[in-house]
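There are 8 protein chains.
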Amino acid sequence: MEQKDLKKLLKDVAAGKVDIDSAMLKLRLEPFEDLGFAKVDYHRGIRQGAAEVIYGAGKTPEQIVKIAEKLHDGGQKTVLITRMSTQAAQYAKDKLPLTYYDMGSIGIVGDMPEPDTKSTIVVASGGTSDMPVAEEAALTAEALGSRVTRLYDVGVSGLHRLLSHAEDIMNAKVIVAVAGMEGALASVIGGLADCPVIAVPTSVGYGASFGGLSALLSMLNSCASGVSVVNIDNGFGAGYLANMINRIGEQ
Amino acid sequence: MEQKDLKKLLKDVAAGKVDIDSAMLKLRLEPFEDLGFAKVDYHRGIRQGAAEVIYGAGKTPEQIVKIAEKLHDGGQKTVLITRMSTQAAQYAKDKLPLTYYDMGSIGIVGDMPEPDTKSTIVVASGGTSDMPVAEEAALTAEALGSRVTRLYDVGVSGLHRLLSHAEDIMNAKVIVAVAGMEGALASVIGGLADCPVIAVPTSVGYGASFGGLSALLSMLNSCASGVSVVNIDNGFGAGYLANMINRIGEQ
Amino acid sequence: MEQKDLKKLLKDVAAGKVDIDSAMLKLRLEPFEDLGFAKVDYHRGIRQGAAEVIYGAGKTPEQIVKIAEKLHDGGQKTVLITRMSTQAAQYAKDKLPLTYYDMGSIGIVGDMPEPDTKSTIVVASGGTSDMPVAEEAALTAEALGSRVTRLYDVGVSGLHRLLSHAEDIMNAKVIVAVAGMEGALASVIGGLADCPVIAVPTSVGYGASFGGLSALLSMLNSCASGVSVVNIDNGFGAGYLANMINRIGEQ
Amino acid sequence: MEQKDLKKLLKDVAAGKVDIDSAMLKLRLEPFEDLGFAKVDYHRGIRQGAAEVIYGAGKTPEQIVKIAEKLHDGGQKTVLITRMSTQAAQYAKDKLPLTYYDMGSIGIVGDMPEPDTKSTIVVASGGTSDMPVAEEAALTAEALGSRVTRLYDVGVSGLHRLLSHAEDIMNAKVIVAVAGMEGALASVIGGLADCPVIAVPTSVGYGASFGGLSALLSMLNSCASGVSVVNIDNGFGAGYLANMINRIGEQ
Amino acid sequence: MEQKDLKKLLKDVAAGKVDIDSAMLKLRLEPFEDLGFAKVDYHRGIRQGAAEVIYGAGKTPEQIVKIAEKLHDGGQKTVLITRMSTQAAQYAKDKLPLTYYDMGSIGIVGDMPEPDTKSTIVVASGGTSDMPVAEEAALTAEALGSRVTRLYDVGVSGLHRLLSHAEDIMNAKVIVAVAGMEGALASVIGGLADCPVIAVPTSVGYGASFGGLSALLSMLNSCASGVSVVNIDNGFGAGYLANMINRIGEQ
Amino acid sequence: MEQKDLKKLLKDVAAGKVDIDSAMLKLRLEPFEDLGFAKVDYHRGIRQGAAEVIYGAGKTPEQIVKIAEKLHDGGQKTVLITRMSTQAAQYAKDKLPLTYYDMGSIGIVGDMPEPDTKSTIVVASGGTSDMPVAEEAALTAEALGSRVTRLYDVGVSGLHRLLSHAEDIMNAKVIVAVAGMEGALASVIGGLADCPVIAVPTSVGYGASFGGLSALLSMLNSCASGVSVVNIDNGFGAGYLANMINRIGEQ
Amino acid sequence: MEQKDLKKLLKDVAAGKVDIDSAMLKLRLEPFEDLGFAKVDYHRGIRQGAAEVIYGAGKTPEQIVKIAEKLHDGGQKTVLITRMSTQAAQYAKDKLPLTYYDMGSIGIVGDMPEPDTKSTIVVASGGTSDMPVAEEAALTAEALGSRVTRLYDVGVSGLHRLLSHAEDIMNAKVIVAVAGMEGALASVIGGLADCPVIAVPTSVGYGASFGGLSALLSMLNSCASGVSVVNIDNGFGAGYLANMINRIGEQ
Amino acid sequence: MEQKDLKKLLKDVAAGKVDIDSAMLKLRLEPFEDLGFAKVDYHRGIRQGAAEVIYGAGKTPEQIVKIAEKLHDGGQKTVLITRMSTQAAQYAKDKLPLTYYDMGSIGIVGDMPEPDTKSTIVVASGGTSDMPVAEEAALTAEALGSRVTRLYDVGVSGLHRLLSHAEDIMNAKVIVAVAGMEGALASVIGGLADCPVIAVPTSVGYGASFGGLSALLSMLNSCASGVSVVNIDNGFGAGYLANMINRIGEQ
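Protein chains in written order, with numbering that gives the first Met the number 0: chain A, 0 to 250; chain B, 0 to 250; chain C, 0 to 250; chain D, 0 to 250; chain E, 0 to 250; chain F, 0 to 250; chain G, 0 to 250; chain H, 0 to 250.
Please note that a few of the clues may not be correct.
[Unchecked claim] Calculated cross-link-like contacts (lysine-lysine; reagent style DSBU-like; alpha-carbon spacing at most 35 Å): (1) C:K58 <-> C:K92; (2) E:K92 <-> G:K58; (3) F:K92 <-> D:K65.
[Said to hold, decoys possible] Not everything, but these chain C residues come out facing chain D in the computed CB check (under 10 Å): (4) V52; (5) D193; (6) P195; (7) A198; (8) M243; (9) I244.
[What the hints assert, rightly or not] Here are a few chain H residues that sit away from chain E, every Cβ distance over 10 Å (derived from the structure): (10) D18; (11) T85; (12) K94; (13) K117; (14) S118.
Note that these hints are calculated values from the structure, not bench results.
Glycine included, each C-beta is placed from N, C-alpha and C at the ideal position.
Only chain A is shown next, with the shape it has when bound in the complex (with noise of 0.2 Å):
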């Protein structure tokens, strides 16, 4: 029922057509979005001319395509689709205009946009092998319009190298630290920023990573204050919380 059904109703029964019982009958039988609360519905949908999210993995590179062509047809302006895989890229290219990025599994279905805020995400990795999952969610973020900056292999081993990017961090308004192994990265940037930091544990590692159990437990246990966590490897999660923050303030 939507707002103005809702009102219809409520003529009706000002005007005597419908009956109190019918009336009543009908208000408690009707589904919770039906007065009012589709914003529920869409309260992931994103501010006009953003993009609308297709999670691909498991889904056929046709059903992607599908989705993309149908949400790209009704206007969207950008369409993000994560977890793509290379087979489902190269199928799609042909039939949509798509831009995919190899590092972070991420495609692209119309334009990606222009950064709109003034502040700025920093993503940073801790080795290379952690770049897909940055990538995911700085991709995710720029996708979203969110302005981003990449500090990609400022691992803790190697102290200096992220010391060497100190002012982009303290600049930050939101950092996303994404690391595997021994996850320590979150707390060191943790340490430095004066901002919320999003820690993404990454399944990158062997033997006692278990996973990426181990990051994880790490950056949970994090004496760094500000520091909160996403699932191991979701970098979708950590870009599109980052760019809710990032909007924070901005008009």
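Since chain A is already given, all that's left is putting chains B, C, D, E, F, G and H on it; use the hints.
Just chains B, C, D, E, F, G and H, lined up with the frame of chain A:
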């Protein structure tokens, strides 16, 4: 080396009082902070008049009082003491202007500040037994100056209680969702809200809750976007981060 | 908003006393429950005269007594208190018509109802040390009005004891199988019975029982059909669900 | 020893054809089943005309076909094959009257029976990727003759979708709640419903879902009463148990 | 139904006193044991004069004394009580002819039997803190009549101590190897010995010993052939099994 | 240093050909084995004519054939190859008198010996998918000369099948119980039998079987006495130990 | 058999006083140590005047005093007692020349030796609550004669504090890095230092630190080269190993 | 900022060319390394002529070759490539003077250096399947210039093989002990040796080895002093650390 020392050294060099090699040696060995990264040291310090934090766990009542006295005498208007035992509070009461919050195990030396933010943090919790952690989060944020709305006992198995607060949830700038057992609260709130949700798993439960592991994993796996997680029972961390986000865009 | 309030509002609209926009606002903000989902609120409430439940763990004796008094004074014939300590029982005895079941840590305020079901729940347990959890299940089901048969000390390492009760097992409408250590009881009973089996792992054991994990995993992996599992030591949950199933088809 | 054999033995004893010691020996050594516990053997067999089940995983297409043929030729109207690969289905199609349900990996040899229950099972699932497990549950219950309502894609992060089906949920006799990741669906449905809820965690997810562990723990810790849990991805077990409960009180 | 009852029933059938259908009904419902599986019941009973076992953990001193008295008065020469607390022993001493073995927490009511086996069990343990579990094993085997040689403090980090007992090891019929921490003793002994080795991990240790998990896994992974493992701290189980093997081939 | 070398050295000392200090040096440095512990080296060698074992996993077909040839040419009548792939068997067939047992992945080069034990090992397994591990155990024991009785598909959820073999179980000298999933078979058999039971958890299962962990824990926690456990899927270890016990008391 | 005994035996053989076969028997049975591996026995003994170690945990005050007296009376100048409770220290103080180090739970009987190494061990720790473990390491190394520099409270979330000690770190011969929670200290120090780093995870923390598991995994996964790890809270092991390395190349 | 730049800046200040505030700003923002911590950057660089390391895992053959060429052309005499696949080696062979060590997956571009240490590293391993990790350690140490003795196939279940190498063990300056399964080797060697022992757990094994977890825990719990542990399968880390220790005291 504080800024004035650095200035003096450079003046001495300019004046020829200190030769260049001595200056170089001095500068190279100088600890980082002395070169102006003092804000690194105090990056956790909070804007004038706000709370300085003492982590009370593992400290004797005497130690807590000594540190709190020093901070309070040094002009700190609000000193926040977390994980403060009732014994420590008992001991401190005679010696300090302490307000002790039993639920939350928080002590405030000096004045709890008036909220100075226009926007609001919502702290929601599932069951009554999650309330101590929720209070730790709420009081931390309040001690740092944020405006806080508490929504307690809004667990997902009684959905209507949560839904009756839908407006609070939709108007929050940031939400702290505290829950033990199955930890589903974060996902449900994450689905309703449009703002960052900081999930705090609690160790409340028995059996297969495994000391909060169940809630922790549940929250990390949340399908709702915008959710990130802190350590089990880390109400302070969540309250601190919530205040950090709540202040963005306020002046 | 109760039904009569909704009715009144609609009448006011019909009578022109309330304009449509005010009515719309009111309806949109109205908490869910008020729109007729009251049964959501009370879906856990049980048919007239049956037990209302108080979870005693983590509540002070005073709190327990206060809640129990309110329910009892409000006309509740049977108030079930689970995980009630002997101290709480001691304290409550003077103030309330309490029957305390040591084994099972269950308190009943008011009258334990006569069984009003024709069909029977079998509660079976492996060893004597599993009995407290088994009793929590059995007494819960009885407090809710179900007929219960107890088969205790029928562990799988003495199979003939279990088999000598084969008729009880085959005549049950639903069975609660309580076991710690290797938790094999659920599978063996599941193989003998034709009805739903609710398996309750217990934390009884030592070493590699890991606080009930061994029994839990064992029960989840049961090869027997019709078996489902509740949390470790969750006798209440099993008894509650057993009563729910036991009542199906009864009128 | 079937009943008629036992009868014959006793007749022979009565007639003096078999001496008492020989009869005793025979009876003592006779396997359990032969003494009339045939229903033990066939307790999993389902009332006349219903499905006999073949667990397809780890069986070759040839083995599956051979067993299915034997059952079908033996008069079985519906033979249910679970975890059947597309290859096995391909192979079986020429040799048997097979209907293959891709989503769910279920094969039905013979006729899918018309539902013969008045009451209904609701099978609800969180995300599209949980659908294969949900279908395994739904088709199993249907093959056993139950009436099933599917509510798919009603995950807790989009609550209004679930709430718009509140009536289905409240009218169900038993509900199967299938969810991976954070597994919160079981708790939310358990809070809305009045009937037994069988929770099925799925291995869908990545990172800290740890192959379904997160959803499993979440469901075991559900605060909602009436919820019990089966093994990860065990759609068959849930469908089987749901049918068992759904048939109670039907005649 | 004991054998004589079965005989009587068959005689009655032969005599025409009982009709065949009544006999059939009786036989079908008869519990298993009554059909001659009585030895199932007592399969754990041990040859005449040996120990009957009481598991003392979780029993009150009163309960222990009551059971022990009944067994002892019933003619049991040796009653073995495991996991008996010093308090229980204190209480029992006045009432029963009890010998209490502090190290091992074992009580013997009546006489510790003279060893009646020619072959020998070796019980070896790593450190002094593993001795309680080792003694539980050794005393259990002795109470059951086996000859036992103790080799304590022969941990693998002081190999020469173990090697100086090589002859004992090579002459044993079965060996119980008790060790906490890294649990390597079982492998080293398994490599030296030619006979079955029963490994008992202990919960002795700290940190990454995780309550005996480290020793347990280590022993399960032993490269030495002939090694099998019992539960953490299960000295009784190892001593019981060792006695069982030690008696093979003795008459 | 073999015994004859030691004898020669001592003779040389006696004859004055070697001075005492040189002898001392030699003796101090002599590796252990040379002092007569040769049997340490060969303690795993088995009595004349029996099998020498090759662990096939991780060896190339060429390596396996080379070792097997050497043993066979050296007079070994039976060479047992465990975890042999079908490819390795294919490759070896032309070059060696190999019998390959598909189920069990066992190759026998030379003759499978006639059983030379009077007593019998029972190898029991729960489901058909546990059969490969059960066969590994059975064939290992047979290759070592033991008499073996197989009881397959006697899982606890169909108890009558197991009970119909009660006599085999009661007559065994040692039993190997192989089971995946809930691993309850070991406990049930342990409760029926009077002899040592070697439990082998298998990695068969899915979901919360966690690669055999569930069965492993279940078996370690068995309430039945006389049960010990080997590593997951370690059929060889169980068969080897079973043969060791089976031979005790035989001459 | 000590060296002089061996010499005597050989002399007797040379002199014909002992025949060769008797000598052979004697030599074959002689425990390993007696053949000159005495250093095996005492390989943990430390050069003249250094500490002999008593592990105090699980020993009564009386036992500790007795062993310490024996060592001290036997000429040991320094006796190191680890994990000594304050009660044990209280009890021992009257009977022995004991210095007790509360922080570190270390007792020294006799004199703490002057450092006799030129090179230095750095013991660094993250938070104040890690100090007991750090002190255990530092005092152990000092009791063994090493020179130790303590860098406490240099956690990674306040990087400048650590960096201000960069020179100490770069001049160390070996570093012990003690940290709980996220355990990142080892990696950061490992990245700064050029020498072996021994990482000690501590059980300090709460929630997802899981008793030190988080720090342990983090340290094992360190990206920095030269880092190795000891057990959780094993300050003694780290101090012992650090002293071992620190002495290399000193004379 | 290199040293000459710093010098120039100070000269400019001295000469009045740069004002003091500009100099201060420049110094405060200057990255750490530029202030003379260049050795931080190259602390992993190894003395002239030694190996620079490329971690081959996750790099394409092309990437490996490109980096190796750059290092080799830049004058690096020995370039060590770890975790190099055979395909990468195949590809690289034509383009570079590569020696590939199959066992160990190590490539050496240029010359394997002659050992330039007097002291020796012993690399010991348990089973043949641990050899790849052992070789990774041994070749790494050799590529860095250390002298290495290999003791392979000296597992603890055949103790005499290990003991026959007792002299090597006692003469080593540092030992790398590589073992999977139960990981007991480190403890046994730690008990025999007087020098640091670096334990490397391997992922070799099956079932309850849980990918190396069993060996890892076992090694962390070693009772022998002087033992520390690196990550599962981390042969490189162990070889690197062993070389570091082996060089102490050498000139």
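Hints, verified against the model:
1. C:K58 <-> C:K92: Given that 35 Å is the threshold and the Cα spacing comes to 16 Å, the pair holds.
2. E:K92 <-> G:K58: holds (27 Å)
3. F:K92 <-> D:K65: Holds: K92 (chain F) and K65 (chain D) sit about 31 Å apart, inside 35 Å.
4. V52: It holds, given that the least Cβ distance between V52 (chain C) and chain D is near 8 Å, below 10 Å.
5. D193: Nearest chain D Cβ about 5 Å off; hint holds.
6. P195: The hint holds - P195 (chain C) has a Cβ within 10 Å of chain D, the shortest such distance being about 6 Å.
7. A198: holds (8 Å)
8. M243: holds (5 Å)
9. I244: This interface hint holds because 6 Å falls under the 10 Å limit.
10. D18: The claim holds: D18 (chain H) sits with its nearest Cβ about 57 Å from chain E, beyond 10 Å.
11. T85: T85 (chain H) is indeed farther than 10 Å from all Cβ atoms of chain E, at 29 Å.
12. K94: Its Cβ never comes within 10 Å of chain E, the nearest being 42 Å, so this holds.
13. K117: The claim holds: K117 (chain H) sits with its nearest Cβ about 28 Å from chain E, beyond 10 Å.
14. S118: holds (24 Å)
Violated hints: none; the structure is consistent with every hint.
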